[in-house]
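Just so we're aligned, residue 1 is where the sequence shown starts under the numbering used here, counting upward by one.
Bear in mind the hints are in silico, worked out from the structure with no lab data behind them.
Heads up, some of the hints might be wrong.
Derived CB-CB ranges, DEER-like [unchecked claim]:
| hint | residue 1 | residue 2 | range |
| --- | --- | --- | --- |
| 1 | 186 | 277 | 16 to 24 Å |
| 2 | 271 | 171 | 33 to 41 Å |
| 3 | 184 | 285 | 33 to 41 Å |
| 4 | 260 | 101 | 23 to 31 Å |
| 5 | 287 | 132 | 36 to 44 Å |
| 6 | 104 | 199 | 33 to 41 Å |
If you're wondering where the values come from, they're calculated on a predicted model, not measured in any experiment.
Beta carbons are placed, not taken as given, at the ideal position from N, Cα and C, and that holds for glycine.
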Amino acid sequence: MGRLPRAYFCFANVNTPWNGHFSTFDLVTKKTPDAQTVIRIRDFEIGSGDFVVMAGPCAVESEQQVLKTAESVARSGARILRGGAYKPRSSPYSFQGLGVEGLKILAKAREATGLAIVTEVMSETDVPVIAEYADVMQVGTRNMENYSLLEALGKCGRPVLLKRGLTSTLQELLRSAQCVLMAGNPEVILCERGIRTFEKATRNTFDISAVPVLKMVSHLPVIVDPSHAAGLRALVPVLARAGVVVGADGLLVEVHPNPEKAMSDGEQSLTFEQFESMMRDLQPYIELQAGYRDVQAELTVVAGGH
Numbered sequence: 001m002g003r004l005p006r007a008y009f010c011f012a013n014v015n016t017p018w019n020g021h022f023s024t025f026d027l028v029t030k031k032t033p034d035a036q037t038v039i040r041i042r043d044f045e046i047g048s049g050d051f052v053v054m055a056g057p058c059a060v061e062s063e064q065q066v067l068k069t070a071e072s073v074a075r076s077g078a079r080i081l082r083g084g085a086y087k088p089r090s091s092p093y094s095f096q097g098l099g100v101e102g103l104k105i106l107a108k109a110r111e112a113t114g115l116a117i118v119t120e121v122m123s124e125t126d127v128p129v130i131a132e133y134a135d136v137m138q139v140g141t142r143n144m145e146n147y148s149l150l151e152a153l154g155k156c157g158r159p160v161l162l163k164r165g166l167t168s169t170l171q172e173l174l175r176s177a178q179c180v181l182m183a184g185n186p187e188v189i190l191c192e193r194g195i196r197t198f199e200k201a202t203r204n205t206f207d208i209s210a211v212p213v214l215k216m217v218s219h220l221p222v223i224v225d226p227s228h229a230a231g232l233r234a235l236v237p238v239l240a241r242a243g244v245v246v247g248a249d250g251l252l253v254e255v256h257p258n259p260e261k262a263m264s265d266g267e268q269s270l271t272f273e274q275f276e277s278m279m280r281d282l283q284p285y286i287e288l289q290a291g292y293r294d295v296q297a298e299l300t301v302v303a304g305g306h
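Take the sequences, apply the hints, and build the full model.
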């Protein structure tokens, strides 16, 4: 079977009742099959065809930890350093983050390595101070429907990485993205990080179908977070590979210099060596997807000529 023109892969081909729901999100849905938001961050872009990897520890624990991680992931090909200065935790007794001191450490790592910074914002009151330090503002899964926060991020002047909620549908994810765009910020990155189901073998259930569906119906970039989907570091590389194969624009993955001693999510964090190995493993799949996009673009031009 030959490849179909890109025009085939658009929201018109999703089931009809569902299309009606998505059509209400006029700012985030595709108006044409080739519509694509491209977000420029420092000297690179997300959504233009490059596969952008964001990597780093779940939480900022110390300056040494962050600087060592930043230097390592940058050598392996990451473009963005992730790290939580403010940490929403299920238990009030768990480590809650270093706050502004953590933001300063992230900024120092950016200066040392050139990596951009993505970090989580938990409250609308924290948006101004975090926007001073971060290149990308992350909305965690628990805050996907925190509409006061989404509205504040619409005015923050920074791209927003919006994670899918634990039990949220894709319709609800796009509704939250619509809120950010309506508040004035067109730069939103959608993130599939697994959803909560009855399955207990993994931390969450990785909804791999979410990526091509979101790419069909929305012009926003889509990335995947295999760390939170798996909950086990052994599964992270293969889930990352799956994300590349289904057309994700990038990857958000947890990396720690000593996962066994991490203050949060150590069991799902890769070591430096594991991250480097994963990045090497992903390269053939990234190149394959790039070639596939080129062929699709050529077919679209031919189809348009007829």
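Could you check the hint for me, namely that residue 104 and residue 199 are 33 to 41 Å apart, CB to CB? Holds, at about 40 Å.
Starting from the range 33 to 41 Å, see whether the pair residue 184 and residue 285 falls in it by beta-carbon distance. 36 Å, holds
For the hint 16 to 24 Å, verify it against the beta carbon of residue 186 and that of residue 277. Taking Cβ atoms as reference, residue 186 and residue 277 lie about 37 Å apart, which means the hint is violated.
Do residue 287 and residue 132 keep their Cβ atoms within the hinted range of 36 to 44 Å? 38 Å, holds
Assessment of proposed distance window 23 to 31 Å (beta carbons of residue 260, residue 101): 24 Å, holds
Do the Cβ positions of residue 271 and residue 171 conform to the proposed distance bound of 33 to 41 Å? Distance hint for residue 271, residue 171 holds at roughly 38 Å.
The structure fails to meet hint 1 from the earlier list, while all remaining hints are met.
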